[in-house]
Amino acid sequence: MNSFFKYFSDIFHGVKSLLIGMSVTGRYFFSPGQIVTQQYPENRKNLQMFERFKGEVIMLHDGNNQHRCNGCGICENNCPNGSIEVIPAKITGEDGKSKRVIDKHIYHLGMCTFCGLCVKNCPSNALGFGQEFEHAVFDRSKLTKVLNQPGSSIIKGVE
Amino acid sequence: MKEIINLPVSNIEEEEYHINMGPQHPSTHGVLRLLVSLQGEMVRSLKPHCGYIHRGIEKMCEKDTYPQVIHLTDRIDYLSAHINNHAVCLLVEKALEVDVPERVRYIRTIMDELARIQSHQLWWSSFGMDLGGLTCFFYGLRDREMILDIWEETTGSRFLQSYNCPGGVMQDIHPNFQKKVHAFLKTFKKKIKDYDRILSGNVIFENRSQGVGILSKEDAISYGVTGPSGRGSGWSCDVRKTEPYSMYGKVQFNEVLRYECDTYSRYMVRMQEMHESMNIIEQLIDNIPEGEHSAKMKAVIKLPAGEYFQRVESARGELGLFVVSDGNKTPYRMKFRTPSFSNLSVLDHISRGMKIADLVAIGASLDLVIPDIDR
Amino acid sequence: MKEKDFRDNETLDLFKRTGGNFLMTSIDAVIDWGRSNSVWPLTFATSCCGIEMMATGASRHDFARFGIEVYRASPRQADVIVVAGTIVNKMAPVLKRLYDQMSEPRYVIAMGACAVSGGPFYYNSYHVVRGVDHVIPVDVYIPGCPPRPEALLYGIMQLQRKIKLESITRPEQTMILGKQ
Amino acid sequence: MDNETLKARILEIVPEAQQEENKQFLTLLLPAAKLHDLALKLKNSPELAFDFLFCLSGVDYIKQLAVVYHLRSTQHKHALVIKVKTDDRVNPNFDTVCDIWRTAEFHEREIYDMFGIRFNNHPDMRRIFLEEDWKGYPLRKDYIDEVNIVEF
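First to last, the protein sequences are chains A, B, C and D.
Heads up: the first sequence at position 101 corresponds to 101 in our numbering, and the numbers run straight through without jumps.
If you want our numbering, it's the position in the second sequence, counting the first as 1, plus 1000.
If you want our numbering, it's the position in the third sequence, counting the first as 1, plus 2000.
If you want our numbering, it's the position in the fourth sequence, counting the first as 1, plus 3000.
Some hints here could point you the wrong way.
Below, a sample of chain B positions facing chain A; criterion: calculated Cβ distance under 10 Å [stated by the list, open to error]:
{"id": "1", "residue": "D1064"}
{"id": "2", "residue": "M1129"}
{"id": "3", "residue": "G1132"}
{"id": "4", "residue": "V1256"}
In silico DSSO-like links for lysine-lysine, alpha-carbon gap of 27 Å or less [to be verified]:
{"id": "5", "chain 1": "A", "residue 1": "K120", "chain 2": "B", "residue 2": "K1296"}
{"id": "6", "chain 1": "C", "residue 1": "K2096", "chain 2": "A", "residue 2": "K145"}
{"id": "7", "chain 1": "B", "residue 1": "K1217", "chain 2": "D", "residue 2": "K3041"}
If you're looking for bench data, these hints aren't it; they were derived computationally from the structure.
All C-beta atoms in this analysis are idealised placements derived from N, C-alpha and C, irrespective of residue type, glycine included.
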């Protein structure tokens, strides 16, 4: 007799818990205000990343195509996995002294872990984080970038 | 044909099947390989084979400076990345006797608890999915996105933030931080009731988890099963209580203990812990003191020669960090005592005699993160 | 999204074919349309990027909108393998076997720094494969550590563009170029 | 139990034990032969009751190889660190403690994998992370692997 009741109470509890679960999912089904899905490629125009978002490391250039990097190599030393290579060059300045400037600031985006040590430790605030996240490419070599723009020079008074 | 019929019956009963679960299997949560010996459907024994994601982090740490180690500890247990970083920072600060500002302690504690909540949310999603409830997967990950948004606004990354650094945190919290955390707490308190309604009270779920994978308290201690899995066996092993660090000594919270010792009790501990974490955050979030977000540290951090040990409570259990320093800027030896590694060792013991379908539930209830095992 | 908004169009130009008759190119267009809008991924995640892949499949980002409907647990039913996470020396043979079990046409997305180049574990590690393209040919590389879900969706759109250039009449051409 | 009484109590069992100064925990250096004996007593005597082995790590001190046991009592809340060292780098071995603390089984396999220290009477002394045919022990300081390691 006991097992008889147990059999039916099990069925009753099973149906009850099923209905409770269904009521939760059903509520979301009928409340379209709670839809969270974002339509990514369609909303691309007004998709705003947070201002601190770390998409890629960039070198900050001003309107005159000038940057603040003097090629000291502190970012390269601080990078935990060698994503940054600084190739310095020597040029002769206006006063006749040779000084160290940057030739190429090479950045391996495919290796970067966005730990932020390079940006944090840069003494002249030459580096920053870009908001770009659409980096997917077909060719791995495209992920190695030169951060200083062609023809750019250092802002006077920074070095 | 004749030979087959004449086979003695006992032979069939003793016949053992060996099944390879993994390294690519949806319910091993990564690349764990379990070599399971079965008798029929019953698990006789199993042998975990690790190392499919062994990346040699301990060796790499010996070449990195202390601030650089942070980006590696992120990737050990990526779901409690912030807590792992916290351990490194606490160890360095303890060794150098740096006094971090009060504000940093608050921020770190809040971040730790957010990490714990999101880790448990993800665990809840995958636990439900392993037992056949796909709804859990969607609901858990949906609510987790709110925490990721909070983090992204402050730290710039979604979940591997590298936000802690020795002496403090990388940057101050975003002005919206408190507002967003409040909004999250308010929403999540409603959503967590849904979690209970979907899974905790479900008859199928209860039948599949109650009485499955019994782990006694003695075994938990002997195997070193810490964290929610150990507390599900009634072992009070919360480092936040036994050795309080940061703000944990000053906030009021309960250590969640359950005594059923089965999969269900490990499940309930984690559900309760989310409530406790919210409780901790609520106590701290409005009282974050003003001040610096980082203490003054030397440019090159060198630990005095010696041996240091730091324990923290990560989302999976006790994370121990053992560092031997010889006075250089890089650690001489860095050992991570990761919770999942010890938790994995008990899997063989508690799944013997269970059905193979229960093995999935037991494995999920231990909340294994495979890079945490392999390092 | 418009063609010019995408990155790396110059590499994609290498795959473009000229010539072919009207009938065959029309059949190609239909088949490629079908293929590109139902790429089913394999449940294959080794570490952190796998969590972002799960997040991409979940409510907020929902990559079923791209026809990437279900994760298949068996490689025999999967079209694309998203290598999400570090591949170490012990795992490499397993990954190769999984790839070999997939049926043609099959695609590989290397997601995250570890799969692209070894990432954080490139230097000083003794057990890491430095880039998954040492083991299997890769179609699309998505850098990031981990890439955010939108970045994965973008990578999937790149893959779809690549699939649309395939030809059933001359598969070897796309094969050679694609799997250089 | 405070560190002084703890030390006195252990010195009763193993008189040869030496204390290492200036450590976070009470650290005792033991002769390897006495390790298993002491471990058994640490676990079983009611006033010591070290039932939780919370960290087990190998260290390569270049001249010596060491194994460090971090022990803790869940009952009395005291902690202890035991260290054993060996000069033998070719065939180092210690007694296993995995019959006393079960968690040691995996940790000892890890130490064997990384340092090549064998543990006698261990039920399953195989490599745990690396492949069976891996040459060398990576966490040793003299480990050289020109094929797999790219130096930074």
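Hints, one by one, checked against the model:
The beta carbon of B/D1064 is positioned within 10 Å of a beta carbon in chain A (closest approach about 6 Å), and the interface hint is therefore held. Interface restraint check: B/M1129 against chain A, minimum CB-CB distance 15 Å, threshold 10 Å, status violated. Annotation: B/G1132 was flagged as interfacial toward chain A, and the flag is violated, the nearest CB pair being 12 Å apart, outside 10 Å. For B/V1256, the suggested interface contact is broken, since its CB lies about 24 Å from the closest CB of chain A, more than 10 Å.
This hinted pair checks out: A/K120 and B/K1296 have alpha carbons roughly 14 Å apart, not beyond 27 Å. Between C/K2096 and A/K145 the CA atoms are separated by roughly 30 Å; this puts the pair beyond 27 Å, and the hint is violated. In summary, the hint linking B/K1217 to D/K3041 is supported, as the alpha carbons are separated by about 21 Å, within the 27 Å threshold.
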